[in-house]
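Student: Each chain, letter by letter, is given below.
Protein chains: 2
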Amino acid sequence: MPWIKRFLIGKPLKSALLKHEKYNVFWGLSVLSCDAISSVAYAGEQVLLVLAPAVGLLAYNYILAISGAIIGLLVLLTTSYRQMVEQYPSGGGAYAVASDHLGTYAGLTAGVALLLDYVLTVAVSVASGVSNTISAFPWLLPYRVIFSLAILAFLYVGNLRGTRESSHLFGLQAYIFIFSILTMIIAGIVKIFWFGYQPAAIVPICVKSGCESVGIFLLLKAFASGCTALTGVETVSNAVPNFKEPAVTNARKTLSWLAFLVFILFGGLAVLAKLYPVIPSESVTMLAQINAQIFGTSFMYYFIQIATLLILVMAANSAYAGFPMLLSVMGRDGFVPRQFSKRGERLTYSNGITILTILAAVLLVIFDASVTRLIGLYAIGVFTSFTLSQAGMFVYWLCSKPKGWLRRAIITGIAGVITCITVIVIVLTKFTHGAWMVLLAIPLLMIMLLRIKQHYMRVALQITLERHNFRGIKDFIEEKITNHVIIPISGVNEATVRALRYARSISSDVVAFHVVMEDESAAKINEQWRLLKTDIPLVVKYSPYRTIVDPFMDFVHSYYEKNCNPDDIITIILNQFYVKRPSHFFLHNQTTIWFAKELLKEKNVVIAALPTQLRD
Amino acid sequence: MPWIKRFLIGKPLKSALLKHEKYNVFWGLSVLSCDAISSVAYAGEQVLLVLAPAVGLLAYNYILAISGAIIGLLVLLTTSYRQMVEQYPSGGGAYAVASDHLGTYAGLTAGVALLLDYVLTVAVSVASGVSNTISAFPWLLPYRVIFSLAILAFLYVGNLRGTRESSHLFGLQAYIFIFSILTMIIAGIVKIFWFGYQPAAIVPICVKSGCESVGIFLLLKAFASGCTALTGVETVSNAVPNFKEPAVTNARKTLSWLAFLVFILFGGLAVLAKLYPVIPSESVTMLAQINAQIFGTSFMYYFIQIATLLILVMAANSAYAGFPMLLSVMGRDGFVPRQFSKRGERLTYSNGITILTILAAVLLVIFDASVTRLIGLYAIGVFTSFTLSQAGMFVYWLCSKPKGWLRRAIITGIAGVITCITVIVIVLTKFTHGAWMVLLAIPLLMIMLLRIKQHYMRVALQITLERHNFRGIKDFIEEKITNHVIIPISGVNEATVRALRYARSISSDVVAFHVVMEDESAAKINEQWRLLKTDIPLVVKYSPYRTIVDPFMDFVHSYYEKNCNPDDIITIILNQFYVKRPSHFFLHNQTTIWFAKELLKEKNVVIAALPTQLRD
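Sequence lines, in order, name chains A and B.
Heads up: the first sequence runs through residues 1 to 616, numbered per my numbering.
Heads up: the second sequence runs through residues 1 to 616, numbered per my numbering.
So here's chain A without its partners, still in its complex pose (with noise of 0.2 angstroms):
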């Protein structure tokens, strides 16, 4: 029902909108940094699981330390990348810097790593804010992965919609979540600090012997999940040309506004839970505790979880700003199919939409939407991503020697080297969590890629005129070849009657062929076909099992053994309907498609389909 489509994703752009459908600053922000600002709802609860069952209230003590390495790799990182953004200009970020840099297998890895986790920042989001929304409304517990579910399909109508509507669809929630967590901060310290409120004390919830000892491995595994606050730092500087004009200087203003705030709210929710112990859950996240302490069953506390929600669903849409804008430079290479290169209706490439939601989708239910499952297979190939890049443009400031080019290559070198220690820190603490999954998916994928690669370029290859030396291609295109027309019908009408009309254009040798599947229905279509007056001949076979195209197919093979030069053309014509409600589609045509995909085997064969348009 086409008004079902209109009503939900709009009504067709015209190319020339596509100016008006970019970000500025404020908006750029809204949508792009959402998923750097929503980490702080998951990855300090992230750090605080990874420690409290081993070291108890210990715990506490470490998350400020982790919190401040975090931040630590933020800032340099997001200076790195504010130097990568203004030689970058055109997007493609990772892929686009290592490719250039250090050749096709790294920009390959640095691609296919950044694609992984645009679907993990989704899924992840997702599930967090499900989780988060589920600790306020406990009575949606047993429908989370349904709930999540719903959120993409809501994700994936606003994202069909265009970029700029998507970003007021959803544009303001950044900034009230920002808000909500500021409140939450200064509350959370002046309850302690000014009223003197005592937060309960809670039970050690240290599960092994020797909880008084905190060994590196644990340290750096905490790390590792805390990472993931950093995933989103690269959605900017993939999507630069998504910017208004100056592009670059507003992506460079949005990636420092987003380092900024990401440095406040992750440490502020740092001190809070050293502040406000917590007790590490499934059903209730440790936002969600903090939150009740301070606000208690107050209208704030509804407030902020329902703000987190919306921050981690436009997390979610971030990706699905980045997803496609990748998949659409890597098809322009010919490493994915050339349609994920070409913008639908609405603007948007909406072939990369439908396969991040389909991916995000099987995620979440595989893993159930649960935060801590999925976040074993998550930052890996933002990190693997964020080295690579880090690496080619190091090689890049070093031999290509810019103004600023000593101070640069000394920034983005220690920031590429702490990345991919950072990387290894990841895989090892979290090979057994899921991280065996990204490091086989990540060569599995590059292998397929490249394949398809191979496959463009062999096609080319075999269709090329380059051998002929274009020498007697002119007296072939002239050559005259004689073309036999066969008519397969489904009964007499009147696009049977226009078929022949076509046809008689067309050839001098014309056939029309019926495949009946009871005795009795021949005579009828003979009778039918006597009426007709024309000298076409019609051929009825007898098929008793149900099937149409075997005695089709077998009857076009003798036709052409027996009437046929070895250079002449058979044109089948095939009636097809057009019917107006695209849910009518399955009434129809099924034969014709299966007619075609039979015929497209065959050399010397001309599919010609005749379009019958139906009223209704």
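Please keep in mind that the hints were generated in silico from the structure rather than gathered at the bench.
Each hint should be verified, as a subset may be incorrect.
The list treats identical chains as interchangeable, and a pair is accepted whether it falls inside one copy or across any two copies.
Unchecked claim - List of simulated lysine to aspartate or glutamate pairs, EDC-like, C-alpha gap at most 16 angstroms:
id : residue 1 : residue 2
1  : K541      : E518
2  : K524      : E466
3  : K533      : D368
4  : K603      : E494
5  : K580      : E598
6  : K562      : D509
Given the coordinates of chain A, assemble chain B onto it according to the supplied hints.
Tutor: For chain B alone, kept in the frame of chain A given last:
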């Protein structure tokens, strides 16, 4: 990758093999009766789940009475169905009977109700099978939904392979289950009456006050839940054509065996439930609890739980036999798209099998693979169709009065009245537990199917030649029309050249058309075109925003206006690549598909696809 398909689905079967894909009584029973037999794994438990929370331990006293009522209903239904099979050897069951004797609407109601219940049979059986497995292997609990979907996938592939092979694939498990439950019943009785075993007294779990009194509503609700044991009786009568000759005798024998087995197993389990009281639980099924009390954690315990999983998979499989068959019968009447009446490569109705799998998967995901949540929707469809088919047969016996009609009419009449009362009971007692969804879905689906039928009839009217009385048609066919050719090209290559050659053979007015994304590409393609030395003109249009379809359609329209008379035809020649690997399909032809989709809307246009077979 075709080899995967071949490996999973098998080689295409020749039509002549159809006759061999049929059941004798032994295999027919194993495939078609599992639905009814396997219900014993959950029907009794659902009775208990209704009674226990309200009346506590008293529940165990009522189980026997309710089971007795259900078994009585089974005997009555079987007797009535044995008579029906004789009159309807062609299958179709309730749908055919109600259509013939009560009219289209009654038939459609029965058909739709049955289709819904086939889907629910798959969902409930798979969910129950998974529950019974999880009872024995509790670590599977978090993977409940995924496990269910994996079983669905297995059933899907098994059924695409074809009927007889699927019975061999799954067949013996039915007998293993019967043996298992019989062993359990005997061992359970012997353990108590011979060895004097005393089951542990269980804590009363009554949650309401007034535990002592059992309301009639509660008993009816328990009865309604237990009636799910009777779903599946109709599967045999709908699948008569799947039996070996003499099909009617074999189907009747199968029905009798079925009733006898349900009687023994369901009755025996009810006795066990009385002897070994259990605590209704979501994580350990009643069957598993009784089983554990009798066999402890011995080999036999695991054997019985696995056998239960397998019979329930078989039960889902029996719906895979019935659902596509019913759809195919309804497809021949024009109520569902015609392709449901066509057999696929392996002589199965693959479209129906696919639809059934998708719908069951959706139900399993939505209801979290929980039998208790699904059971509220179940059995309404089957009992509606029971009622309608009994009513239809009743009318038939009264009107045509064959030998012994009075006795038959009385049996059918009683069965009809009782099943009708059962439907009312089920709807009333389960209305808020999901029955409302079924009550809503039946009329909505009926409207949909009626509209499909109307659509087919209106289309037939639109293209009929009757109103011309066939006068003047010969002249219309022979009239000379002018054919123009437009060839949209993506580049200058072999495929282009072949298209030009074919175009020359069918028209003297040929033009090629190309869309460029960047201005500089225009010069390149014009240079290549010049090398062809052809006098066919090339039109190049510039499209800045990566859409190709719009500029092309604009060109077609303006060309038609400028160069064509009202009766002229424009043939659009599209190059279409044939790739051997289905996975490569997505790498090509996407633009062709979009072109074809738009061109279908045009009058006086023929879309000619010129296949190029790629070697790789």
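Student: Checking against the hints above, which ones are violated?
Tutor: Failing hint: just 3.
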